[in-house]
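Those sequence lines, one after another, are chains A and B.
Just so it is clear: in the first sequence, position 443 is 443 by our numbering, and no numbers are missing.
If you want our numbering, it's the position in the second sequence, counting the first as 1, plus 527.
Worth flagging that the hints you see were computed from the coordinates, not collected in a lab.
C-beta atoms are modelled at their ideal positions from N, C-alpha and C, and glycine is treated no differently.
Careful: at least some of the hints might be erroneous.
Just a few of them, taken from the derived set where beta-carbon distance is under 10 Å, the chain B residues facing chain A [what the hints assert, rightly or not]:
1) Leu533
2) Thr556
3) Phe557
4) Leu639
5) Leu642
6) Gln856
7) Phe874
8) Ala876
Straight-line Cα separation of at most 25 Å, SDA-like style, residue types lysine to any residue; simulated pairs [claimed, not checked]:
9) A:Lys353 <-> A:Pro327
10) A:Lys347 <-> B:Asp780
11) A:Lys347 <-> B:Leu852
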Amino acid sequence: MNFPVWDVTFGAGLLIALVAILHVFVSHFAVGGGLFLVLTERRARRSGDQPLLGWLKFHTKFFVLVTVVFGAVSGVGIWFTIGLINPTATSNLIHAFVWGWGIEWVFFFIEITAALLYLYGWDKLDPKLHEWYGWIYFGAAYASLVIINGIITFMLTPGAWVTNHRFWSGFFNPTYFPSLATRTLICLALAGVYALITASVQKDRALRARIVRWSAWWIVPSLALMPAAIWWYILRVPADLWTSARGAIPVATHAVMLGGILFLVLLALAVFALLQPRRMHLAFALVVAIVALGAMGSFEFVREGIRKPYTIANYLYDNSVYAKAMPRDGGFNVDQIDQQGVLNTAKWIDVRKLDPADQVAVGHEIFRVECQSCHTTNAYRGLKKLITFRHWDQNEIQLMLGRLNLMHNGVMPPFSGTDDERAALAAYLSTVAPVVPSQAAGPLDGHAVFVRNCAVCHRVRPQDPLFLYLPKDPQTAVDALKSLPMLFPLMPDLKLSEEERIALVDWVNTQRGVAGAGAGGAKGGAQ
Amino acid sequence: MIQPSLIPNVDPNPLPAPYWVFELLLLVTFVLHIFAVNFVMGGGVLALTAKLGFRKQEKGGRIFFDVAKLLPILLPAAITLGVAPLLFVQVLYGQFFYTSTIVMAWPWLLVLACLVVAYYGFYYVSYRGKRHPGKAGIVMLVSVALIVLIGFVFSNNLTLSQTPSRWGAKYFADPTGWNLNLSDPTLIPRYLHFFTAAVAFGGLLLVLIALSKWERDREYARHVFQFGGKAFLYATMAQFLVGIWFLFSLPLDLRTLFLGGSLLATLLLAIGLAAAIGAMFVMARALRQEKIRLGAYAAPGLVALTILCMATMRDVLRDAYLVRLFNPQQLAVRTQWSVFPLFLVIFVAGVALWFVMLKRYGIFAGAKVPH
């Protein structure tokens with residue numbers, strides 16, 4: 001609103017995720033790999049293992065080519081990307097934490113210099129001095145993790161900062177330490193994962209087996225400890241943030257499952273490498289790396305998922321609207337936009353007057369400034385598909401838009417704006433996803449009624465309020481459903497037909513095993 | 528027409544230190560960054576010129592590789608030194624900077640893809656080039672072309688960020704971010720001004736390379752010195768024309784600032800020009816008398832003065848562009864005393880450690896540049 005919204009056709013969220021995942025996969029290696037280099041060098045020198053030293057020299061080159069080149073550029077890439085997609089959040093973060101970033105930059109500078117001197121110094125420096133550069137490298141790299149971790153965790157759990165705006169309150173926030181522990185373990189594990197790659201191309205079998213076993217020793221214990229660190233992390237995430245993640249957001253739930261599975265696969269592969277180091281092969285090493293990338297990617301998706309609807313929890317929504325009014329916020333907060341309207345608040349809107357003829361065009365602009373940070377029309381989290389699935393017509397869309405913040409346990413910010421603007425947005429969305437008449441002409445299916453009208457907020461499980469509190473007596477329930485707001489004031493005022501209500505009650509009662517179900521002849525039962 | 532309504536508000540967080548602190552940091556780190564960038568770009572251009580220009584002589588190839596092996600060090604220097612001004616420009620000018628980048632989002636983002644490719648190209652030439660000289664030339668050409676392109680995108684963004692009146696039309700015509708700022712009359716001269724400076728810097732880089740070979744291989748070093756020194760001279764001469772073009776492409780009110788309108792701006796221009804002319808005389812004399820040290824110390828010293836003046840003028844120009852839209856006095860400030868001093872301490876310690884690292888490596892003791 002304050003800034004223009006970059007229309008990324010395939011999905012802004014997806015773009016950030018891509019850049020971020022590639023970057024973290026390399027940048028964590030840059031930290032752990034540094035420790036790996038010095039410790040391996042020491043080990044090789046102590047035992048006079050010349051072949052190991054030879055490999056390590058080669059591995060250093062690989063390390064520099066991956067971390068100093070790709071790692072550094074993709075790090076700038078994250079900066080560029082968040083500035084493009086989330087300028088308001090970036091601007092807030094910069095002003096709150098520029099000194100943190102400044103400190104990180106000093107470490108970054110030392111880190112890059114040390115990496116290059118370590119690489120070029122292999123043949124030139126005496127061993128002690130060479131190792132000294134290695135230690136400086138690792139120290140600086142870890143220090144930059146220590147700093148950046150404060151800023152990343154801040155976004156999820158800003159803690160007391162939201163009220164006192166103090167640097168250190170935001171920095172040492174509730175998830176700071178568990179996240180640091182988790183990331184440290186990730187760094188160590190990745191050092192081993194990458195080492196498998198260069199190890200696997202060694203011709204000397206005995207050497208290869210030695211390196212593989214040594215690398216696997218970096219992976220297995222780190223992975224074994226990781227669940228504990230992650231558990232600690234989970235415990236420190238405030239409950240209100242969790243509820244949105246526990247809901248039916250398919251993306252996050254799938255990512256949790258995928259992440260868990262990939263994690264176990266990774267562990268199994270690493271244990272195999274530990275037990276059978278001689279069987280290491282480049283293809284195997286690459287599979288390990290890809291699985292690790294997938295696991296990390298899933299966890300990043302989960303973290304993003306938990307944080308929704310916020311970019312900075314309890315402070316700034318993903319669509320750059322502030323959660324509460326505060327001084328100097330430019331009026332970009334939910335309450336003020338509700339009063340003044342989007343069209344009078346947003347700067348980057350072309351068509352500002354709401355003529356009935358322009359309704360769809362205006363709706364499109366509102367979509368851009370309020371929804372496009374998370375949605376597209378046709379691609380990633382595309383509304384065409386989502387709305388078509390629910391069979392909503394324009395009126396239903398408009399009613400539902402009034403309650404976006406309740407859907408899926410609160411993954412979305414509320415719609416902010418006037419009722420006319422909401423109508424315009426609904427008009428636009430109904431052109432994106434025109435109603436498809438449902439082909440089933442037979443008796444109404446209660447489950448279908450539920451999916452269409454209730455499932456965005458309610459889930460099929462006994463403890464859901466719908467199943468708990470809908471009156472058990474079929475007739476009472478059917479009558480009660482005439483007005484949803486009477487049941488609970490925040491529910492949208494959807495008008496269900498008599499048949500729909502009967503079918504729905506029938507199905508609900510079947511689900512919760514209440515006697516008298518099935519009388520309506522609904523197909524119920526199936527989820 | 529200026530559309531003030533499109534210019535974003537600054538976010539609610541106050542500046543965590545006074546304005547001038549960031550202005551100073553921005554200026555200093557930008558100057559360092561642009562030094563490194565100029566060396567990379569100009570060095571690359573001259574390396575290619577040497578390879579093509581002296582094709583029949585072995586010297587051309589040698590110059591090519593002598594520059595090429597420095598590029599994998601100079602480029603990360605340019606990148607790391609670039610991160611700092613990127614940070615500080617966002618602190619002070621975020622509302623202009625983010626907006627123009629969003630308007631031209633794709634070219635801006637693709638800069639990084641170009642950078643990665645160019646970077647690996649430099650490594651390829653440096654590691655494998657001698658074994659495949661033909662391929663090395665092509666890879667180098669691609670890498671240097673990409674670097675030249677990146678500079679062009681940066682110039683586009685910079686000019687666009689200072690002219691908010693151009694934003695609206697571009698954005699609303701194409702919100703997907705496929706824009707540049709080609710219609711700005713200052714764009715081409717501004718970019719050429721920078722490009723020409725880079726070539727001059729490439730010349731200085733060669734003079735420095737000549738210095739490092741002076742005792743061991745006089746004949747070759749002499750050749751490199753002449754080539755680099757002349758490149759510097761010709762580029763700097765051309766710069767006078769380009770600079771005048773740039774100056775006259777500026778809107779009248781901004782141009783007059785440098786021609787007497789503002790004492791500071793005029794003084795900076797005068798000193799910058801004088802230093803550049805001085806550098807040319809020094810270099811010409813050094814070449815004639817084969818005084819490498821004169822060319823390798825005095826000329827770059829004067830050029831550094833010029834760059835400092837020019838970079839400050841660049842700031843003056845930016846503030847003049849934005850004068851009605853941006854007033855630093857209006858920024859809220861609340862210095863973060865709990866962390867700002869820590870930054871200063873770490874910064875000083877970091878610089879000290881950095882020098883110790885180079886010293887222990889032996890770089891100041893005349894050791895070969897690492898390779």
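Here's how the hints hold up against the structure:
1. Leu533: Status holds, d = 6 Å.
2. Thr556: Constraint on threonine 556 of chain B satisfied, holds at 9 Å.
3. Phe557: 14 Å, violated
4. Leu639: 5 Å, holds
5. Leu642: Since chain A brings a Cβ to about 5 Å from leucine 642 of chain B, closer than 10 Å, the hint holds.
6. Gln856: Violated, because the Cβ-Cβ distance from glutamine 856 of chain B to chain A comes to roughly 15 Å (cut-off 10 Å).
7. Phe874: Holds: closest Cβ of chain A sits about 5 Å from phenylalanine 874 of chain B, inside 10 Å.
8. Ala876: 8 Å, holds
9. A:Lys353 <-> A:Pro327: Not OK: lysine 353 of chain A and proline 327 of chain A at ~28 Å, beyond 25 Å, violated.
10. A:Lys347 <-> B:Asp780: The given pair, whose Cα atoms are some 28 Å apart, is violated under the 25 Å limit.
11. A:Lys347 <-> B:Leu852: Status holds; Cα separation ~15 Å.
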